[in-house]
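K.L.:
With the hints as constraints, model all of the structure from the sequences given.
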Amino acid sequence: MGKDDSDIAELVKKAKIVAEATGRDEQDVLADLLDDGIVNLSNEDSKGKDLVTQLKEAAELITTVQSINKEVSENKVLNGGENSTEVKVETTLEGDIVDRAIESMQRKSENIKKLVVTMMPLFLLLTGGGLEALGVIDVMDSEEDDHYDPSFAEIYGCTAPDAENYMEEATMDDGSCYWEDNNGGGGGPPVNCQWEWEDNSHLDNGNFLVIRANFGDDSCPHEMEGRFTVELIKDNEYYDEDEWDNIRFRHNYEIQHSFTELEPGVYRNHFSFETYDGSNWNWDSPETHEVFDDTCYPQTELDEPMLTTEGNDLVVDLVFSDMGGCGQDIEIEMEIWNGGELHDNLDYGEVHFGVFWIEPEGDSTMRVQGKAQLSDLPDGDDWVVKVRYAHANADDAPYESGWRESNSVVIDEVEDPIYGCTDSEADNYNPEATVDDESCEYPEPEEPCDVEIHNHYRGHVAEDAEQDAILVAFRVVPSNCEEEMVEIDIELFQNGYDANYSHWLEIDGDNEHTDVSHVFDGVAVGNSWTPRITASLNDEVLEQVFFWGIDVEEQEPEICDINLYWIGFATNATHAQVGYDLDCGEEQNDLDGYNVSVQFLVYEVGSSNNSSAQPILYETRLHYIQGWVEDNQLITLTNFTASNNTHYDFYCYFTWIDGEGESQMMEYKWLNRELAP
54 MGKDDSDIAE
64 LVKKAKIVAE
74 ATGRDEQDVL
84 ADLLDDGIVN
94 LSNEDSKGKD
104 LVTQLKEAAE
114 LITTVQSINK
124 EVSENKVLNG
134 GENSTEVKVE
144 TTLEGDIVDR
154 AIESMQRKSE
164 NIKKLVVTMM
174 PLFLLLTGGG
184 LEALGVIDVM
194 DSEEDDHYDP
204 SFAEIYGCTA
214 PDAENYMEEA
224 TMDDGSCYWE
234 DNNGGGGGPP
244 VNCQWEWEDN
254 SHLDNGNFLV
264 IRANFGDDSC
274 PHEMEGRFTV
284 ELIKDNEYYD
294 EDEWDNIRFR
304 HNYEIQHSFT
314 ELEPGVYRNH
324 FSFETYDGSN
334 WNWDSPETHE
344 VFDDTCYPQT
354 ELDEPMLTTE
364 GNDLVVDLVF
374 SDMGGCGQDI
384 EIEMEIWNGG
394 ELHDNLDYGE
404 VHFGVFWIEP
414 EGDSTMRVQG
424 KAQLSDLPDG
434 DDWVVKVRYA
444 HANADDAPYE
454 SGWRESNSVV
464 IDEVEDPIYG
474 CTDSEADNYN
484 PEATVDDESC
494 EYPEPEEPCD
504 VEIHNHYRGH
514 VAEDAEQDAI
524 LVAFRVVPSN
534 CEEEMVEIDI
544 ELFQNGYDAN
554 YSHWLEIDGD
564 NEHTDVSHVF
574 DGVAVGNSWT
584 PRITASLNDE
594 VLEQVFFWGI
604 DVEEQEPEIC
614 DINLYWIGFA
624 TNATHAQVGY
634 DLDCGEEQND
644 LDGYNVSVQF
654 LVYEVGSSNN
664 SSAQPILYET
674 RLHYIQGWVE
684 DNQLITLTNF
694 TASNNTHYDF
704 YCYFTWIDGE
714 GESQMMEYKW
724 LNRELAP
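When you line the sequence shown up against this note's numbering, it's residues 54 to 730, in that order.
It cannot be assumed that every hint is accurate.
[Said to hold, decoys possible] What follows is a set of in silico ranges between Cβ atoms, one per label pair, in the way DEER data are often shown:
hint : residue 1 : residue 2 : range
1    : D382      : D295      : 29 to 39 Å
2    : D489      : G380      : 23 to 33 Å
3    : T673      : S696      : 15 to 25 Å
4    : E458      : E278      : 23 to 33 Å
5    : S461      : D503      : 52 to 62 Å
6    : D298      : T224      : 33 to 43 Å
7    : T224      : E278      : 21 to 31 Å
8    : V598      : E497      : 50 to 60 Å
9    : S555      : E505      : 19 to 29 Å
These are calculated hints, taken from the structure and not from any lab test.
Since the model is a prediction, treat every value here as computed from it, not as a measurement.
In this text, a Cβ means the ideal position worked out from N, Cα and C, and glycines have one as well.
P.N.:
This is the structure in structure tokens:
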């Protein structure tokens with residue numbers, strides 16, 4: 054269609070604005086306007102689309118229109134020439150138009166129509182006047198609309214045939230449908246939804262419980278309205294709760310909440326959801342949370358910074374403490390002020406290399422000097438520094454402190470400082486130095502006398518038959534003990550008792566080492582006699598060691614078997630004599646033996662067979678036999694021949710009790726022996 058120059062100029066302006074707002078090519082938009090006076094949005098493609106689809110497209114168009122609201126309201130060409138007015142485009146209606154149009158389109162159709170009427174001037178601009186392109190029919194009366202029927206009117210009600218309040222004559226569903234077993238609104242029969250919990254609750258900082266749970270079923274079409282409750286159970290007893298009323302959702306709902314400053318214990322979450330129509334679902338989360346009472350929370354404190362001057366330099370001394378007793382890494386930031394104005398600053402990481410550790414107990418001090426920002430400053434009054442710190446571990450405490458201001462100092466022209474060692478006790482003391490440069494050197498301190506005891510030995514003396522002599526031996530190694538005499542105490546004791554045996558000596562500290570040994574003889578029978586060695590100097594103990602204990606057992610006497618080395622027998626007319634030599638063992642020794650009884654008897658011949666017969670004469674001797682000794686013994690019987698017999702029976706018996714308590718005997722006899730004439 055034909056256009057004059059003024060119309061074309063106006064269309065060019067319109068095309069530019071629409072192209073910027075919609076992203077289309079400006080020449081393409083201008084071609085649409087020159088063709089038929091409208092921006093071609095493919096109205097033909099919208100035919101056959103349902104109202105929901107077209108409303109969604111309309112909502113997207115509204116979003117685009119909103120972005121050009123400002124240009125439209127300010128543009129005089131598009132908004133009435135010189136009589137410009139403000140144009141506002143609403144894009145929300147009972148919530149976001151896109152979500153609400155899709156989820157409850159029928160219930161809100163009347164309001165959407167009102168929205169369309171409000172937006173009609175813009176729709177006319179973008180569509181050339183045809184609202185049918187949006188699928189909206191009979192919104193406005195129009196005599197030019199061939200499909201317009203003035204007798205037609207929408208009837209709103211429940212259009213779901215299976216709903217309790219189905220309205221047969223209704224032509225437009227108003228969202229009022231309901232069913233006995235569900236709070237309907239979905240436009241169809243109820244569906245058994247499979248609601249599930251997803252619990253992601255967790256503890257933070259030990260006593261801070263973050264509740265995070267999701268309740269939903271993506272396949273459930275019903276819109277739910279009701280109340281959520283989360284109860285906190287501590288050690289199986291009620292502890293606290295929170296509620297969310299008037300909750301409305303369709304597929305899922307996420308709960309986010311927190312319980313703080315919890316007491317130590319074991320906690321469990323109990324979630325529940327209750328609908329307004331009386332239906333309810335309840336779940337117990339199996340997750341438990343333990344709150345520990347040993348979590349340490351740092352409480353860092355900074356004393357007032359102490360500011361001093363060294364010439365034209367500032368020196369800052371900081372004192373930190375942790376009132377929580379935990380210890381903490383911090384970073385420090387500093388600002389330098391003069392006369393109320395910021396002069397310079399030191400960022401985190403510039404004040405101190407890396408992090409600075411605050412000790413859990415006592416003060417932690419830091420001196421800041423020599424930094425470029427603190428050096429060669431101009432003269433002036435009211436120099437101050439402001440300091441703040443940040444915890445390197447922000448999970449345990451507030452991350453950043455407030456600013457702490459120092460005292461005020463004055464920088465004035467002074468003589469150049471003389472650096473050097475200012476400690477008169479130092480080897481390199483400089484009496485002219487005015488500033489200590491930490492270069493002081495001190496003589497090496499004398500190392501104290503020290504002693505080590507090596508090569509411990511204790512044991513029985515091998516040649517001691519009683520085994521009650523204990524040998525103690527060791528080596529003493531002194532160091533830095535020149536010109537000193539080190540005292541050595543050797544003691545022998547049983548655990549729990551004072552020393553029973555002791556020996557004292559001194560060793561020369563000039564020696565590289567000294568070997569010491571001592572024998573404690575006649576130690577009483579007992580278990581675990583423990584040697585204790587103590588090295589001391591001027592009654593100060595330098596070293597003390599304990600050896601393993603050693604036992605002293607009671608010794609059984611060593612004894613031997615009785616040996617009759619020789620025996621002989623002889624007679625004459627009136628006498629009979631037996632000779633013998635008893636020894637302990639069969640070779641030279643000095644062992645203890647036994648008491649041996651020796652008995653020599655004479656009987657009438659054959660009378661000894663009668664148990665009641667008595668010897669004519671006998672003699673008994675007792676010997677203690679010890680070792681191997683040549684000590685022949687003789688026993689002589691006389692005056693037994695009164696009967697003038699010439700033959701007699703002679704007996705000799707040796708008897709003793711051996712080391713095992715057994716009775717032993719040796720018998721020798723000479724029967725029917727004739728006396729020598």
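K.L.:
State for each hint whether it applies.
P.N.:
Hint check results:
no.: 1; hint: D382 <-> D295: 29 to 39 Å; verdict: holds (36 Å)
no.: 2; hint: D489 <-> G380: 23 to 33 Å; verdict: holds (30 Å)
no.: 3; hint: T673 <-> S696: 15 to 25 Å; verdict: holds (23 Å)
no.: 4; hint: E458 <-> E278: 23 to 33 Å; verdict: violated (57 Å)
no.: 5; hint: S461 <-> D503: 52 to 62 Å; verdict: holds (54 Å)
no.: 6; hint: D298 <-> T224: 33 to 43 Å; verdict: holds (36 Å)
no.: 7; hint: T224 <-> E278: 21 to 31 Å; verdict: holds (27 Å)
no.: 8; hint: V598 <-> E497: 50 to 60 Å; verdict: violated (30 Å)
no.: 9; hint: S555 <-> E505: 19 to 29 Å; verdict: holds (22 Å)
Going down the numbered hints, you'll see the structure goes against 4, 8, while the others check out.
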